[in-house]
Amino acid sequence: MRQKQSKPVDPVVIVMLGVVLVAIAIAMLAFPSDSNSIAIAANSGLMSQLVVAFVTGITTGGLSCLAVQGGLLASSLAHQIEQDYVASASKNKKTKQKSAPKEIQRTNSAFPIFLFLVSKLVTYTLLGALLGWLGSYLTLSPISRAVLMIAIGIFMIGNALRMFNAHPIFRYFSIEPPKFITRYIRRTAKGTDTATPVFLGFLTVFIPCGVTQAMMATALGTGSIAMGAALMFAFTLGTSPVFFIVAYLTTELGARLEKFFMRFVAVAVLILGFVTLDSGLNLIGSPFSLQNLTRTWFPSQAVSAAVTDSGQPVERGEIYLNVENSGYSPAVMTAPANTELTLNLVTNETYSCARDFVIPKLNFYMLLPATGVMQTTIPPQKAGTTLFYTCSMGMYTGQIIFE
Amino acid sequence: MIKKTFKIPDMTCTNCAMKLESLEDDLDGVKEINASYHKLEMAIEFDESKLNDEQIIAAVKKKGYTALAG
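Protein chains in written order, with our numbering: chain A, 12 to 414; chain B, 149 to 218.
This is chain B alone, in the form it adopts within the complex:
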């Protein structure tokens, strides 16, 4: 398991954070996601054997946001 933080510059409210956290249920290999609207970032703990940065960025894009690897 590794933990990574992505910048999400286009979050507009606290509920955007909630939408991003719902990736916990959508992505295989994710242990936990903590998204913060205040900091405009998303911390994700995941199994790197099942998931990589590109897949996370793509999943975030699908939710309507842009993820930048920090």
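Chain A with its partners taken away, still in its complex shape:
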């Protein structure tokens, strides 16, 4: 019978819990549940994107990293930590056999993992900033942004179908890093003298998992340095707790979990892919986006545009649209055909992305003031024409039906 040892609390567990708590604390600070919070009302569009990024990170992103980076780097790191901190008895032995000693003094062993994660977080945040900056070059117009979003959507759907093993062709949606990079990462991870956790954390940027690649594509789509950085920060922060746990699990467990969760990850990526594709379709003013199709198939009461918010009749040729934090009101309105119209865009403490107003068909784009009325002219439209409008992210939509 083996004697039962009373084990002291492993510092790994403490730091692991710390990482989880810090992640939760940051999430709570960034996304307060108080509905009266000005911050959330002011940036509901941006905030919801960050929440999605964080939740994606903590669920599918973390699991996907578990399958990809966790399998290689975390295990390499764990081996390295063992080699670094275990008594140097086996130092001169060739490390061909993998029989790592079970009873290891793991004092301070959590620290390298922490460094690794911080390095990964910083690197991906900088990558997000870079992608956002690149995106700002690519997204000069809402149309080019729409094209990018559609491409991202297709990329995500393709990747999801790859995970489902739908057809061999979908394997090409996965980007293979160049051989010299993978070889360099592998050799660095195996070395015990030069490799540092910080460097390993940095190197993960070259082997992003499927969900990370999708998130990188989304960061590119934001077209903003700050938003790209924030998005990747939120996402990578979300992956950290899972990644931390993974760093202490064996590679075999990682492989088992990989198979178990791959379908779940695939479903999540598939949904996100369709959402992105749909936003792109909204942004080009396509009648085939989900929101526009729903409005066509299930027409609700269209509001006549010749009435103001207060119900007062207005001047002929003037139509009003309320641009609110939660979207456009009315979302469907009717307007007289064959008449030149003045569209009044009314904002009242509107801070969401609904403010970035786009009418794709007219190639009209305007960033509206938070409060005020802006006007634009709509040339005469034939009866039966539908003019779609949307925010610049393709999230909020509406339409004007001419009759």
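Source of the hints: derived by calculation from the structure; they are not laboratory data.
Think of the CB as a built atom: it goes at the ideal place given N, C-alpha and C, for glycine as much as any other residue.
Warning: the hint list may mix true and false statements.
Pairs of lysine to aspartate or glutamate, EDC-like flavour, derived with a Cα cap of 16 Å [as the list claims (entries may be wrong)]:
no., chain 1, residue 1, chain 2, residue 2
1, A, 190, B, 172
2, B, 211, B, 173
3, A, 190, B, 169
4, A, 190, B, 173
5, A, 190, B, 189
6, B, 151, B, 201
7, B, 187, A, 335
8, B, 211, B, 196
9, A, 190, B, 180
If you want a taste of the chain B side facing chain A, the calculated C-beta under 10 Å gives, among others [what the hints assert, rightly or not]:
no., residue
10, 153
11, 159
12, 161
13, 169
14, 170
15, 185
16, 187
17, 188
18, 196
19, 197
Dock chain B against chain A, hints included.
Chain B alone, transformed into the frame defined by chain A:
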């Protein structure tokens, strides 16, 4: 030195290819390994006096994959 290609039908991502390429460091007599997730195959250049197909297949199995001699 000879070069052989093995089919690896159970690769699930590009990082599986990376795992297989790490056999370069684990197996004696290997000059180079190029694994491709897109093609689900692994090309290996090795010294046949030091290594044979069975040993390669066994090493691949140890990594969690199935190698089929092509």
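Now for the hints, and whether the structure bears them out:
With a CA separation close to 13 Å, the supplied pair residue 190 (chain A) and residue 172 (chain B) stays within the 16 Å bound. For the hint pairing residue 211 (chain B) with residue 173 (chain B), the CA-to-CA distance comes to about 13 Å; that is within 16 Å, so the pair holds. For the proposed pair residue 190 (chain A) and residue 169 (chain B), the alpha carbon gap of about 9 Å is at most 16 Å, so the pair holds. For a cut-off of 16 Å, the pair hint linking residue 190 (chain A) to residue 173 (chain B) stands: about 15 Å separates their Cα positions.
Distance hint between residue 190 (chain A) and residue 189 (chain B) is fulfilled; the C-alpha atoms sit about 15 Å from each other, no more than 16 Å. The hinted pair formed by residue 151 (chain B) and residue 201 (chain B) meets the criterion: a straight-line CA distance of about 11 Å does not exceed 16 Å. Taking the CA atoms of residue 187 (chain B) and residue 335 (chain A), the gap is about 51 Å. The hint is violated against a cut of 16 Å. For the suggested pair residue 211 (chain B) and residue 196 (chain B), the alpha carbons sit about 21 Å apart, so the restraint of at most 16 Å is broken.
In summary, the hint linking residue 190 (chain A) to residue 180 (chain B) is supported, as the alpha carbons are separated by about 11 Å, within the 16 Å threshold. Taking 10 Å as the C-beta cut-off, the interface hint given for residue 153 (chain B) is violated, the closest approach to chain A being about 16 Å. With a least beta-carbon distance of about 9 Å to chain A, the hint placing residue 159 (chain B) at the interface is held under the 10 Å criterion. For the restraint placing residue 161 (chain B) at the interface with chain A, the shortest Cβ-Cβ distance is roughly 6 Å, inside the 10 Å limit, so the hint holds.
Below 10 Å, beta-carbon pairs count as interface contacts, and residue 169 (chain B) has one with chain A at about 6 Å; its hint therefore holds. The restraint placing residue 170 (chain B) at the interface with chain A holds, with a minimum CB-CB distance near 5 Å, inside the 10 Å limit. Interface restraint check for residue 185 (chain B): the shortest CB-CB distance to chain A comes to about 6 Å, inside 10 Å, so the restraint holds. Taken as an interface hint, residue 187 (chain B) checks out: its beta carbon lies about 8 Å from the nearest beta carbon of chain A, inside 10 Å.
At a threshold of 10 Å, the smallest CB-CB gap from residue 188 (chain B) to chain A is about 8 Å, leaving the interface hint in force. Evaluation of the residue 196 (chain B) hint against chain A yields a violated restraint, the C-beta minimum of about 21 Å exceeding 10 Å. This hint is violated: residue 197 (chain B) has a C-beta 20 Å from the nearest C-beta of chain A, more than the 10 Å allowed.
Checked against the numbered hints above, the structure breaks hints 7, 8, 10, 18, 19 and satisfies the rest.
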